[in-house]
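First to last, the sequence lines map onto chains A and B.
Going by my numbering, the first sequence opens with residue 1, and the numbers climb by one from there.
Going by my numbering, the second sequence opens with residue 1001, and the numbers climb by one from there.
It is worth saying that the hints were derived from the structure and are not from the lab.
From a predicted model like this one, the values you see are computed outputs, not experimental measurements.
Certain hints may be false.
Straight-line C-alpha distance at most 30 Å; calculated DSS-like pairs for lysine-lysine [what the hints assert, rightly or not]: (1) K285/A / K1132/B; (2) K1031/B / K126/A; (3) K126/A / K285/A; (4) K128/A / K1132/B; (5) K126/A / K1030/B; (6) K126/A / K1132/B; (7) K26/A / K1132/B; (8) K1031/B / K128/A.
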Amino acid sequence: MKRPVFKAGRALKAKKTFHPGDFAFKLIVYILMTVFAVSFVFVMVWMVLNSFRTSFRFMQDPLNFFDFANWTGDNYVNAFTQEVGANNTTMLGMVLNSVIYIFPPLILQIFIPTIAGYICAKFRFKGKTAIITMVIVSMTVPAVSSTLQTFRLISWMNLYDNFLGIYLMAAGGLGFGFLLYYNYFGGIPWEYAESAQLDGASNLRIFLQIYMPMARPIIVAMFITGLIGRWNDFTTPFLYLPSSPTVANGIQIIFDFSGEDWPLMFASMTFTCVVSLVLYALFSKQITESMSAGGLKA
Amino acid sequence: MDSERTVSEEAGAAAVQAPAPKKKRIGAVKKRNLLFIWLGLGWSVLHFVVFWLYVNIGTIVSAFQLEDMLGNTTFAGWDNFLNVFQTIAGKNETALMTHYAYTNTLWLLLIGIVVNIPVTLVFSYMIFRRCKAQRIFRVVLYLPAIISPIVLCLVFQGLIDSRTGILAEFLRLIGAGDAIPSGGILGSEDTAWTAILVFSVWTGISGNLIYFISAMSRVPDSLIESAQLDGASEMCIFLRIVMPLVWSTVTTIVIQVISTTFSWYLPSMQLTGGGPNGVTSTIGLIIISNTSTTTGTTYGYVAALSVLVGVIGTAFILGVKWLMERLWREVEY
Chain A
1 MKRPVFKAGR
11 ALKAKKTFHP
21 GDFAFKLIVY
31 ILMTVFAVSF
41 VFVMVWMVLN
51 SFRTSFRFMQ
61 DPLNFFDFAN
71 WTGDNYVNAF
81 TQEVGANNTT
91 MLGMVLNSVI
101 YIFPPLILQI
111 FIPTIAGYIC
121 AKFRFKGKTA
131 IITMVIVSMT
141 VPAVSSTLQT
151 FRLISWMNLY
161 DNFLGIYLMA
171 AGGLGFGFLL
181 YYNYFGGIPW
191 EYAESAQLDG
201 ASNLRIFLQI
211 YMPMARPIIV
221 AMFITGLIGR
231 WNDFTTPFLY
241 LPSSPTVANG
251 IQIIFDFSGE
261 DWPLMFASMT
271 FTCVVSLVLY
281 ALFSKQITES
291 MSAGGLKA
Chain B
1001 MDSERTVSEE
1011 AGAAAVQAPA
1021 PKKKRIGAVK
1031 KRNLLFIWLG
1041 LGWSVLHFVV
1051 FWLYVNIGTI
1061 VSAFQLEDML
1071 GNTTFAGWDN
1081 FLNVFQTIAG
1091 KNETALMTHY
1101 AYTNTLWLLL
1111 IGIVVNIPVT
1121 LVFSYMIFRR
1131 CKAQRIFRVV
1141 LYLPAIISPI
1151 VLCLVFQGLI
1161 DSRTGILAEF
1171 LRLIGAGDAI
1181 PSGGILGSED
1191 TAWTAILVFS
1201 VWTGISGNLI
1211 YFISAMSRVP
1221 DSLIESAQLD
1231 GASEMCIFLR
1241 IVMPLVWSTV
1251 TTIVIQVIST
1261 TFSWYLPSMQ
1271 LTGGGPNGVT
1281 STIGLIIISN
1291 TSTTTGTTYG
1301 YVAALSVLVG
1311 VIGTAFILGV
1321 KWLMERLWRE
1331 VEY
């Protein structure tokens, strides 16, 4: 291959060789990316525009999205006021259910794996290797294989259709979060603790005041992904909370309840999306930061 | 921070340093440490034993039992497993338990690995190399990961609805309205699964985009620049430099995709309910939809299926991992 000869100080870009294969590759990928991106945006716009139309107008002329003269906010009012499902829940009730569903487990999921990961990373004791091996093994087995029996267990504990059952399931310390914290704390030197120990600090204080604050990037990342993930989660509330539907479940119930009233559906879906998007917009910087900091190495 | 050392070395070194220096107090410190260790870990270990160990052993036990409607169990030997294999062979099919469930899951695995991940990888690469409008692409292509899966299902359902959906309207507009099956796209045996596969590709980019971009951004610029100086093509940089360096992330994501494919059920449940005639059923749908309602004989079937998914799924994952770790070995440096 002929090597280009360079003069010092010239911009690197100028030396790029032209490859016809590259052009085709880029063009194809670019078209594909555009198709995907446009379809996502189009679908969102289609959903939002139609959420302001009456069901009647929509049925009559589905393609006339820009029917601004007949726009109405009724779908949103209906979505929030109509009672659906076995327990006559309104959208407002579903939002409340979502909040109760999201936050307590999120706090448990932050604290319990942190301390478990910290202890396994910083102390030597019998059974440590066994614990870590078991966690890695458990991560390899597809999660769906334990769904059936977990459900039986929760029912047997009389925690079916009870938020406490959700909290109990979320309160485990030896999952994905554990491995993140274990790796992270493993990379932080122990010297901080030694000097604190000389000052008479207890193990708990060393953990809470020195090491846990250092894990802030991961804690923040876990919190945000957990928050969005739980807001969007369908399966767990679907299986375990039939009479307290969260918003993600609720829109499916509204769908079954309203039959083919698409504009009403679009209004409920738009609301759900707006919350997800606002959460993401608020925290997207932290998500990217914590990833580039090496916190979430997938 | 000394990041060069491996985690286990670090942890080991830390543990050696852990006891306080004063000899007299070693016993007390050890006791205090042990108390802290087991107070901090005890709950997690108990939780793991109950919600992982006990649950999985329970599944295995149930897989060998037959249950009547009252909940009494009898030993069933391999009967439940035989039933599963019979369905795979296309015999004794009922409701969701059809051979389609198994072939469909294989389809999803294939598409996930052969289509979705490569597509996500080239998209990530383009964004990483700062193609035009990369900021917009970064946000828009990430949308399916932010929006609730149920919303995506519903909106897709709205799009291809045979009466008011855009696709149907468009087909009618160009005079091809007859192409819509009489029961709707999702109501026809011929088109339902294809539509769901299209959906799985459409939403398949998901959150992995961000993982790949962040892995690629750790590739040193100097490597790419020197390759460019040597006249390497963009494709060459992608395949020979970036891919080997992000390969471990790719492996992790592939494993994750395989694992989640086994529990893939929501689009089938929402769009078609597994129908018509079970052609859109999946393994995940059989397990999830029978979880809360199952009594009697289906219980053993679902338990046996869960065990098979656990065993075969894990073996498959380990096999893929083994293969992928060897595929690009010679290029690693």
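Taking the hints in turn, this is what the structure says about them:
no., hint, in the structure
1, K285/A / K1132/B, "holds, 21 Å"
2, K1031/B / K126/A, "holds, 14 Å"
3, K126/A / K285/A, "violated, 41 Å"
4, K128/A / K1132/B, "violated, 50 Å"
5, K126/A / K1030/B, "holds, 13 Å"
6, K126/A / K1132/B, "violated, 55 Å"
7, K26/A / K1132/B, "holds, 11 Å"
8, K1031/B / K128/A, "holds, 17 Å"
The structure does not agree with the numbered hints 3, 4 and 6 stated previously, though it agrees with the rest.
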